[in-house]
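Novice: Listed here are the chains, written in short residue letters.
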Amino acid sequence: MLLLSVGGLILGFGVLGLQVFAVESAAPWHTVARRLLLESRFGAVWMAREALTLGVCLALVVALLGPAGTVATVPAMLLSGVALAAAPLSGHSAAEEPAWPMLTVHGVHLVAAGAWWGALPALATFVGGTRVQGATAVAAELFQRFSSAAIGLMAAIVGSGLLLGVTHVERWPALLATDYGHLLLLKVLLLLGVLVMAAKLRWRLLPALTSEYNDGVTKDIGRWVFAEFLVAGVLVLVATQLGQTVPARHDAIEWWAPFRFSIDATWDLESTALRAWSGAALALLAAALAGLAALGRVRRRRALAGATALLASAAAVALPAITVQAFPDTYRKPSVPYQTISVAAGADLFAVHCNGCHGRSGHGDGPQAKGLALPPADLTEPHTALHTAGDIFWWLTHGKPPGVMPGLEDRLSEDDRWDLINFLRTLSSGYQARVIAERVVPGRPWLPAVDFSYVTADGRAGTLKDFRESSVVLLVFLRAGVAQPRLTHLADLYPRLRSAGGEILAVPVDDGAPPSGLPFPVVAEGATETARTYALLRRTLSNLDARDQQPMPEHMELLVDRFGYVRARWLPAEGEGWRDLESLLQQIALLVREPEILPPPDDHVH
Amino acid sequence: MIEGLGLLVRGLHTACALLVFGSLIVLHLAPQADPRLLR
Chain A
163 MLLLSVGGLI LGFGVLGLQV FAVESAAPWH TVARRLLLES RFGAVWMARE
213 ALTLGVCLAL VVALLGPAGT VATVPAMLLS GVALAAAPLS GHSAAEEPAW
263 PMLTVHGVHL VAAGAWWGAL PALATFVGGT RVQGATAVAA ELFQRFSSAA
313 IGLMAAIVGS GLLLGVTHVE RWPALLATDY GHLLLLKVLL LLGVLVMAAK
363 LRWRLLPALT SEYNDGVTKD IGRWVFAEFL VAGVLVLVAT QLGQTVPARH
413 DAIEWWAPFR FSIDATWDLE STALRAWSGA ALALLAAALA GLAALGRVRR
463 RRALAGATAL LASAAAVALP AITVQAFPDT YRKPSVPYQT ISVAAGADLF
513 AVHCNGCHGR SGHGDGPQAK GLALPPADLT EPHTALHTAG DIFWWLTHGK
563 PPGVMPGLED RLSEDDRWDL INFLRTLSSG YQARVIAERV VPGRPWLPAV
613 DFSYVTADGR AGTLKDFRES SVVLLVFLRA GVAQPRLTHL ADLYPRLRSA
663 GGEILAVPVD DGAPPSGLPF PVVAEGATET ARTYALLRRT LSNLDARDQQ
713 PMPEHMELLV DRFGYVRARW LPAEGEGWRD LESLLQQIAL LVREPEILPP
763 PDDHVH
Chain B
112 MIEGLGLLVR GLHTACALLV FGSLIVLHLA PQADPRLLR
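Line order of the protein sequences matches chains A and B. For the first sequence, our numbering begins at 163 and goes up steadily by one. For the second sequence, our numbering begins at 112 and goes up steadily by one.
These aren't lab readings, by the way, just hints derived from the structure by calculation. Values in this document were obtained by computation on a predicted structure and should not be read as measured data. Don't be surprised by glycine CBs; every beta carbon is placed ideally from N, CA and C. Wrong hints could be hidden among the right ones.
Unchecked claim - Listed below are the simulated SDA-like cross-link pairs for lysine to any residue, each with C-alpha atoms no more than 20 Å apart in a straight line:
id : chain 1 : residue 1 : chain 2 : residue 2
1  : A       : 349       : A       : 365
2  : A       : 349       : B       : 115
3  : A       : 349       : B       : 122
4  : A       : 349       : B       : 121
5  : A       : 532       : A       : 548
6  : A       : 627       : A       : 522
7  : A       : 362       : A       : 404
8  : A       : 495       : A       : 571
9  : A       : 381       : A       : 309
10 : A       : 532       : A       : 572
11 : A       : 349       : B       : 118
12 : A       : 562       : A       : 416
As the list claims (entries may be wrong) - Here chain B is said to cover these stretches of chain A; the calculated rule only asks that three of the stretch's residues, wherever they fall, bring their Cβ under 8 Å from a Cβ of chain B:
id : segment
13 : 185-195
14 : 240-248
15 : 298-312
16 : 743-750
Generate the whole structure from the sequences, applying the supplied hints.
Specialist: Structure below.
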């Protein structure tokens with residue numbers, strides 16, 4: 163152990179050296195090393211770990227020189243445990259927000275791995291080296307104790323590993339299409355191998371050790387434990403590489419298959435539910451049969467063949483029903499945020515590049531549509547989960563098959579294409595938004611409130627997102643002069659509205675001078691794009707305006723909940739509605755009480 | 112080559128930390144501590 167600790171101390175300098183040479187700098191190496199140690203998180207954590215390892219060495223020397231007994235090694239054990247748990251402080255887990263939950267989970271993962279894998283060689287030495295008559299009972303007791311502890315340790319390793327995996331991978335396709343995902347799968351595969359070996363040790367060799375006929379069993383156990391240690395050693399190497407690889411959630415996914423499986427996307431299609439449930443039932447039967455075979459209740463070979471056949475039929479029944487076409491960009495994340503400035507830019511691009519076929523209002527009825535073999539898509543239809551934002555990005559980039567739609571890669575930059583997608587997303591949801599009325603439907607957020615940056619008439623800057631989790635925002639769109647009496651009423655109501663958890667943001671819809679002297683902020687810069695974008699949400703059940711003949715209402719008010727969703731809307735042209743200010747306050751009170759139901763809309767693009 | 116060496120050094124560094132901690136655990140679980148492990 164002392165040798166290992168000293169080795170760890172020396173290898174620590176090797177790790178520091180690697181880090182120094184990984185820094186691209188014109189400065190000499192000793193300057194880089196000094197700056198790395200004194201000015202970076204890596205340096206602080208490195209120094210702390212080296213100090214702890216030195217402490218372990220000293221504690222072991224004291225234990226060696228002092229009186230015999232395991233109590234003397236307690237300080238060394240505690241110090242080495244802390245040194246292990248401190249390792250994630252300079253890794254990926256420290257980059258999470260907030261960091262402490264993931265750091266704790268990662269610390270538990272490492273300490274449990276240390277207590278299990280790190281213990282295997284010592285265990286193999288103890289048990290495998292037992293040849294003296296009478297010592298077998300001692301070895302059996304140690305092995306029994308370790309084996310019981312190992313079940314708990316393995317549960318901690320698997321549980322914390324699952325949490326870490328889910329956090330760093332985020333989306334399952336990333337498992338199959340990123341370096342991090344591949345390494346993680348390899349780690350899981352190695353772990354399965356290790357578990358099979360551990361099961362043999364626990365349920366085959368341990369009972370043999372405690373039985374009367376245990377000739378040579380200790381040697382066997384020693385060999386198996388050592389073999390388990392070697393396989394798990396490869397696993398440690400893979401885990402080390404994983405720590406040096408960009409976590410999958412931050413890496414771009416380039417999907418390699420021409421298809422993907424998605425229950426979300428296919429659930430509403432005919433027969434999907436029936437086939438998916440049938441597949442699940444067949445898979446359950448297969449699992450039950452395999453379970454019976456494992457317990458020895460049925461003939462093993464036949465049962466396994468039956469389980470395999472059942473599993474294959476489950477796949478044959480369910481998978482085709484949930485298969486959707488996919489492209490390399492299917493899982494690409496938007497590089498342009500969902501904001502009104504992007505939507506307005508997308509609207510301009512649409513007018514230039516898409517109007518011809520898809521028509522001015524996106525119905526697929528442009529002047530050039532008549533000559534086409536296949537009618538252009540109606541872009542006002544709801545965007546289902548059938549197509550991801552990445553799918554649309556792929557079509558905009560590469561087009562659809564010849565004669566259906568040309569690719570726009572040569573004419574539009576990547577950001578332009580995301581602007582177009584942001585516009586299409588708002589255009590489509592604007593048509594669905596015609597059902598939004600003055601009364602909030604409790605517990606049903608679905609319409610994203612497009613974020614925007616603004617500067618108010620008195621020079622204050624902010625974004626709509628700033629109100630997240632704090633206030634319900636009343637967005638008031640108005641034409642200068644037209645809504646003056648309304649603004650006076652809202653100004654009178656403002657103190658009560660704020661104390662009820664609301665906030666008002668006024669957005670002029672024309673270029674006239676913005677109203678002044680109001681107690682709430684009035685957007686001066688950023689109003690044009692915001693008004694243009696939110697005008698897409700003007701359609702109502704009684705006034706669909708399918709041909710875009712009256713694009714900008716003179717006065718429209720929207721209530722945005724604390725989590726970024728538009729929940730209610732009042733158009734004075736449609737009725738009295740929120741002219742009754744008490745009714746408006748009631749809607750705000752309802753939203754203030756409501757907990758978070760969906761994740762923030764910007765993270766949830768279809 | 113350099114990458115492989117880097118992986119090896121980092122891997123061994125992690126392995127040393129895990130092994131020291133694990134061996135100390137075994138020492139505490141063992142009914143009769145083996146002084147060989149301390150070295």
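Novice: Give me the numbers of the hints this structure contradicts, sorted from smallest to largest.
Specialist: 1, 5, 6, 7, 10, 13, 16
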